[in-house]
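> Chains as they are written, first to last, in our numbering: chain A, 1 to 332; chain B, 333 to 624; chain C, 625 to 913.
Don't read these hints as lab results, they were simulated from the structure.
Glycine included, every Cβ here is placed at the ideal spot set by N, Cα and C.
Don't take every hint at face value.
Claimed, not checked - In silico SDA-like pairs for lysine to any residue, Cα to Cα no more than 25 Å straight-line:
#1 C:K717 - B:V417
#2 A:K96 - B:L368
#3 C:K898 - B:F426
#4 C:K820 - B:V417
#5 C:K717 - B:F525
#6 A:K182 - B:K466
#7 A:K128 - A:E230
#8 A:K60 - C:K717
#9 A:K291 - A:T301
#10 B:K424 - C:K717
#11 C:K719 - B:K466
What the hints assert, rightly or not - In silico contact screen, one side only, chain C against chain A (beta carbon under 8 Å); selected entries:
#12 E634
#13 K717
#14 G752
#15 P753
#16 H847
#17 E851
As the list claims (entries may be wrong) - A few chain B residues facing chain C, derived, Cβ under 8 Å:
#18 Y354
#19 G457
#20 E495
Letter by letter, the chains look like this.
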Amino acid sequence: MKIASRIAAVLIGLVAATAAQAEVTLLNVSYDVARDVYKDYNPMFQKYWKQKAGEEITIKQSHAGSTKQVRAVADGLEGDVVTMNQANDIEFLAEKGLVAKDWAKKFPNGASPYTSAMIFIVRKGNPKGVKDWSDLAAPGMQVILPHPKNTGNGRNSYLSAWAWALKQPGGSDRSAQDFLAKLLKNAPLFASGGRDATTTFMQRKIGDVLVTFECEAELIAREFGKGEFELVYPSLTMQTEFPVAIVDKVVDKKGSRKEAQAYLDYLWSKEGQENAAQNYLRPRDADLLKKYAAQFPAVKTFTVDDVFGGANKAFLTHFKDGGSFDQIYTQK
Amino acid sequence: MTTHSHRVLPGFGLSLGYTLVYLSLLILLPLGGMVLKTADLGFAQVVEIALGERSLAAFRVTFGASLAAAVVNGFFGLVVAWVLVRYEFPGKRFVDALVDLPFALPTAVAGITLATLYAGNGWLGRWIEPLGLKIAYTPWGIVVALIFVTLPFVVRTLQPVIEDIEAEVEEAAASLGASRWQTFLKVILPAIFPALLTGFALAFSRAVGEYGSVIFIAGNLPLISEITPLLIISKLEQYDVLGATALAVVMLAISFVLLLAINGLQWWAANRYTNREPLEAAAGRASAGAAR
Amino acid sequence: MSRSRRATEEPGWVRYGLLATGLGFLFFFLGLPLVAVFVEALAQGLPAYLEALREPEARSAMGLTIGIALAVLPCNIVFGVAAAWAIAKFDFKGKSLLITLIDLPFAVSPVVAGLIFILLFGAQGTFGPWLAAHDIKIIFAVPGMIIATLFITFPFIARELIPLMQSQGKEEEEAAISLGASGWQMFWRVTLPNIKWGLLYGVILANARAMGEFGAVSVVSGHIRGETNTLPLHVEILYNEYNQIGAFAAASVLALLALVTLVAKTVVEWRMKKETAMLNTVLAPEKTG
Numbered sequence: 001m002k003i004a005s006r007i008a009a010v011l012i013g014l015v016a017a018t019a020a021q022a023e024v025t026l027l028n029v030s031y032d033v034a035r036d037v038y039k040d041y042n043p044m045f046q047k048y049w050k051q052k053a054g055e056e057i058t059i060k061q062s063h064a065g066s067t068k069q070v071r072a073v074a075d076g077l078e079g080d081v082v083t084m085n086q087a088n089d090i091e092f093l094a095e096k097g098l099v100a101k102d103w104a105k106k107f108p109n110g111a112s113p114y115t116s117a118m119i120f121i122v123r124k125g126n127p128k129g130v131k132d133w134s135d136l137a138a139p140g141m142q143v144i145l146p147h148p149k150n151t152g153n154g155r156n157s158y159l160s161a162w163a164w165a166l167k168q169p170g171g172s173d174r175s176a177q178d179f180l181a182k183l184l185k186n187a188p189l190f191a192s193g194g195r196d197a198t199t200t201f202m203q204r205k206i207g208d209v210l211v212t213f214e215c216e217a218e219l220i221a222r223e224f225g226k227g228e229f230e231l232v233y234p235s236l237t238m239q240t241e242f243p244v245a246i247v248d249k250v251v252d253k254k255g256s257r258k259e260a261q262a263y264l265d266y267l268w269s270k271e272g273q274e275n276a277a278q279n280y281l282r283p284r285d286a287d288l289l290k291k292y293a294a295q296f297p298a299v300k301t302f303t304v305d306d307v308f309g310g311a312n313k314a315f316l317t318h319f320k321d322g323g324s325f326d327q328i329y330t331q332k
Numbered sequence: 333m334t335t336h337s338h339r340v341l342p343g344f345g346l347s348l349g350y351t352l353v354y355l356s357l358l359i360l361l362p363l364g365g366m367v368l369k370t371a372d373l374g375f376a377q378v379v380e381i382a383l384g385e386r387s388l389a390a391f392r393v394t395f396g397a398s399l400a401a402a403v404v405n406g407f408f409g410l411v412v413a414w415v416l417v418r419y420e421f422p423g424k425r426f427v428d429a430l431v432d433l434p435f436a437l438p439t440a441v442a443g444i445t446l447a448t449l450y451a452g453n454g455w456l457g458r459w460i461e462p463l464g465l466k467i468a469y470t471p472w473g474i475v476v477a478l479i480f481v482t483l484p485f486v487v488r489t490l491q492p493v494i495e496d497i498e499a500e501v502e503e504a505a506a507s508l509g510a511s512r513w514q515t516f517l518k519v520i521l522p523a524i525f526p527a528l529l530t531g532f533a534l535a536f537s538r539a540v541g542e543y544g545s546v547i548f549i550a551g552n553l554p555l556i557s558e559i560t561p562l563l564i565i566s567k568l569e570q571y572d573v574l575g576a577t578a579l580a581v582v583m584l585a586i587s588f589v590l591l592l593a594i595n596g597l598q599w600w601a602a603n604r605y606t607n608r609e610p611l612e613a614a615a616g617r618a619s620a621g622a623a624r
Numbered sequence: 625m626s627r628s629r630r631a632t633e634e635p636g637w638v639r640y641g642l643l644a645t646g647l648g649f650l651f652f653f654l655g656l657p658l659v660a661v662f663v664e665a666l667a668q669g670l671p672a673y674l675e676a677l678r679e680p681e682a683r684s685a686m687g688l689t690i691g692i693a694l695a696v697l698p699c700n701i702v703f704g705v706a707a708a709w710a711i712a713k714f715d716f717k718g719k720s721l722l723i724t725l726i727d728l729p730f731a732v733s734p735v736v737a738g739l740i741f742i743l744l745f746g747a748q749g750t751f752g753p754w755l756a757a758h759d760i761k762i763i764f765a766v767p768g769m770i771i772a773t774l775f776i777t778f779p780f781i782a783r784e785l786i787p788l789m790q791s792q793g794k795e796e797e798e799a800a801i802s803l804g805a806s807g808w809q810m811f812w813r814v815t816l817p818n819i820k821w822g823l824l825y826g827v828i829l830a831n832a833r834a835m836g837e838f839g840a841v842s843v844v845s846g847h848i849r850g851e852t853n854t855l856p857l858h859v860e861i862l863y864n865e866y867n868q869i870g871a872f873a874a875a876s877v878l879a880l881l882a883l884v885t886l887v888a889k890t891v892v893e894w895r896m897k898k899e900t901a902m903l904n905t906v907l908a909p910e911k912t913g
């Protein structure tokens with residue numbers, strides 16, 4: 001009986017929720033490991049907004065793979081804001097007319113409130129002496145990374161290695177592709193996602209090095225213990241961005257533009273930036289970056305715009321069918 | 333649709349009509365929509381997508397692993413169903429309930445758990461890998477995942493039919509001198525064969541489409557351990573919905589033809605059995621085998 | 625066990641061989657994974673396990689999962705019985721084709737199953753603009769999730785019943801009708817008792833699949849926390865967030881739901897026993913007559 005009444009309550013609640021929206025509700029459509037960030041951020045913003053505008057606000061979260069999420073938004077998922085981990089995903093929404101064409105200029109720092117970097121995780125004591133990308137392509141090395149074509153994490157790893165090879169003396173697209181071919185040969189498998197790659201490396205003890213986001217290292221430490229692995233920062237790596245945007249079509253329909261704008265603006269506030277830093281994401285705020293310097297060692301990074309002329313171009317050249325990744329496997 | 337004989341039983345029009353309407357609304361209309369959508373792409377391009385090197389390799393892996401899993405389940409599923417219906421042993425009810433586990437467990441959890449079990453340091457992998465057989469992150473891993481995911485189909489289609497075999501038939505056969513093995517071959521197997529084929533067909537077709545569990549244990553290497561549903565996801569990750577539906581339609585067409593063939597066979601087998609001779613004749617046939 | 629073996633039983637070594645094969649197979653392929661799920665879920669002890677299940681989002685996911693299953697099952701039961709009746713008891717042309725069409729949802733990858741409903745009801749889909757104009761939400765809301773689950777579980781009950789009803793033939797029903805029973809009387813008194821196990825297995829399978837389905841539902845759900853997340857979706861999100869305990873705890877709940885079979889079967893068996901005892905005294909002359 002209890003269960004039945006609970007089910008009834010849930011179903012009625014759902015109907016009611018869609019029928020009447022008395023107070024302001026924002027839906028933040030986000031990528032899948034962002035929960036920790038927004039779990040702390042949302043109450044902070046609610047408090048701030050109550051003080052500033054005297055308005056109660058409800059914030060709902062949706063998390064799944066970045067590309068899957070933007071496709072859902074294009075298909076009618078009514079997210080007021082999107083907070084993603086691939087710029088080409090927001091570009092896709094801009095093409096569909098749901099997001100302003102100049103979305104990257106609507107907020108500071110290319111609309112990415114915080115960043116991370118692609119790094120290596122090796123076993124305790126670094127037994128294979130991994131120092132840089134070149135080691136990953138060395139014979140006998142086993143590299144674990146998520147699927148380079150289908151996942152954001154894998155794509156960033158791939159592009160980081162590519163950019164490194166390109167910047168070597170005499171580097172060209174040709175030599176970079178050859179380098180990637182060698183590196184990918186060292187992958188015994190392509191994990192289905194970032195989390196799966198971690199499980200494979202940490203729990204199943206497969207591979208010598210795991211390529212992943214710097215911010216994942218803390219999550220890994222929490223799950224598997226800090227002493228189990230070491231971080232290695234390569235000589236050059238990608239500064240990964242986490243772009244955000246307002247979904248114009250939705251906020252105009254719902255009349256929630258003011259709140260959506262404030263919600264994203266607040267990400268650049270001191271509190272918002274500090275929250276990012278506490279979740280091991282590199283804040284844009286220089287003071288905070290200094291304050292948390294211990295967890296963010298200096299590393300030479302590049303941006304996708306620098307090396308590849310934008311996220312969308314990188315996507316089209318390397319990860320579209322027939323792109324450089326496919327060529328590695330089909331051109332012999 | 334025509335009928336051969338005068339019908340005694342009621343409800344044909346109602347039940348068939350309802351079946352057709354429900355089927356059309358829920359299955360045919362959406363699938364038809366998908367096929368039509370693919371037509372936007374043009375036939376030549378669909379063929380190009382389907383016959384690409386990686387697509388072909390993925391089709392081979394997908395259908396091959398599905399067939400292997402269905403065959404394994406056909407055999408072991410029959411044994412399991414038989415044991416569950418005919419024999420008594422402690423904990424039988426629990427074991428019986430366990431059979432449904434693969435459906436209730438989310439496929440991702442199944443995949444993660446199986447990969448952990450069969451990885452080199454897993455409970456099973458640590459015994460298997462020293463023998464030179466790698467399961468996790470090879471095509472064998474795909475077969476293992478598919479066996480897990482589709483086992484209930486075979487067991488659950490066979491169980492009610494085995495329960496339904498009347499003891500008199502077996503007794504008659506035995507009293508006429510048929511050995512147990514002959515009774516099984518000549519009396520029991522023909523009775524359960526249609527259900528076995530059904531279970532096989534269902535397991536096979538479900539295996540072909542399975543994605544969630546496989547990607548965690550397959551390894552997903554291009555040309556080696558990539559399944560077709562992964563290529564569909566890959567197209568979606570490129571915002572290429574049309575390409576994804578094209579692959580899906582090709583897959584659906586292949587499955588449809590295979591299913592149609594299996595169902596035709598199943599129907600033929602069932603008719604042979606239901607238009608059966610009186611019990612004595614079946615029993616006699618079995619005992620004739622005994623005399624031979 | 626008496627020493628002289630009955631003629632309708634297998635020799636002892638065959639029995640034990642089959643038992644060992646069947647149970648061994650189940651142990652390796654089903655038992656060990658089940659144990660592994662619980663080992664992961666309980667890795668930090670019972671309190672952490674229970675804590676994970678007390679989370680409001682886990683609870684709302686459970687409620688939604690059960691709600692969707694309750695909405696889906698009756699539809700598919702009615703369809704399954706109707707389809708099996710038409711197919712197993714009557715002859716008509718195109719039967720194999722019809723069965724194959726019923727099987728089709730199994731052959732459709734769950735990912736694609738979600739996609740086809742997006743193509744129909746999504747904002748860029750066939751009926752999308754019309755639905756938006758009338759403010760009807762199907763996709764990324766509960767109705768869409770129910771439709772996707774209906775699709776995925778569509779064949780189960782029908783497919784369970786068709787071979788069973790085929791093997792039973794139609795003599796008993798014909799006898800009932802010729803003795804003057806009405807269609808419904810025949811159905812309740814003859815057909816239903818005959819197909820009870822098949823129907824039960826079908827319902828249990830469809831239920832397990834409805835609750836455990838991830839792929840199709842994930843495409844149409846929108847993943848809104850506490851609102852359109854079912855238990856399997858919740859599991860995936862937790863796993864991706866490095867909340868292994870939470871993920872496997874939620875998964876273990878689904879595994880336990882599979883064991884509900886145990887209860888359902890026992891109850892049905894018990895009731896059937898009572899009923900057949902009653903029927904035997906009341907209907908015995910009619911049935912043999």
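> Against each hint, give a clear statement of whether it holds in the structure.
Checked hints:
{"no.": "1", "hint": "C:K717 - B:V417", "verdict": "violated (35 Å)"}
{"no.": "2", "hint": "A:K96 - B:L368", "verdict": "holds (22 Å)"}
{"no.": "3", "hint": "C:K898 - B:F426", "verdict": "holds (23 Å)"}
{"no.": "4", "hint": "C:K820 - B:V417", "verdict": "holds (15 Å)"}
{"no.": "5", "hint": "C:K717 - B:F525", "verdict": "holds (22 Å)"}
{"no.": "6", "hint": "A:K182 - B:K466", "verdict": "holds (23 Å)"}
{"no.": "7", "hint": "A:K128 - A:E230", "verdict": "holds (12 Å)"}
{"no.": "8", "hint": "A:K60 - C:K717", "verdict": "violated (53 Å)"}
{"no.": "9", "hint": "A:K291 - A:T301", "verdict": "holds (20 Å)"}
{"no.": "10", "hint": "B:K424 - C:K717", "verdict": "violated (42 Å)"}
{"no.": "11", "hint": "C:K719 - B:K466", "verdict": "violated (44 Å)"}
{"no.": "12", "hint": "E634", "verdict": "violated (42 Å)"}
{"no.": "13", "hint": "K717", "verdict": "violated (40 Å)"}
{"no.": "14", "hint": "G752", "verdict": "holds (7 Å)"}
{"no.": "15", "hint": "P753", "verdict": "violated (10 Å)"}
{"no.": "16", "hint": "H847", "verdict": "holds (4 Å)"}
{"no.": "17", "hint": "E851", "verdict": "holds (7 Å)"}
{"no.": "18", "hint": "Y354", "verdict": "holds (5 Å)"}
{"no.": "19", "hint": "G457", "verdict": "violated (12 Å)"}
{"no.": "20", "hint": "E495", "verdict": "holds (6 Å)"}
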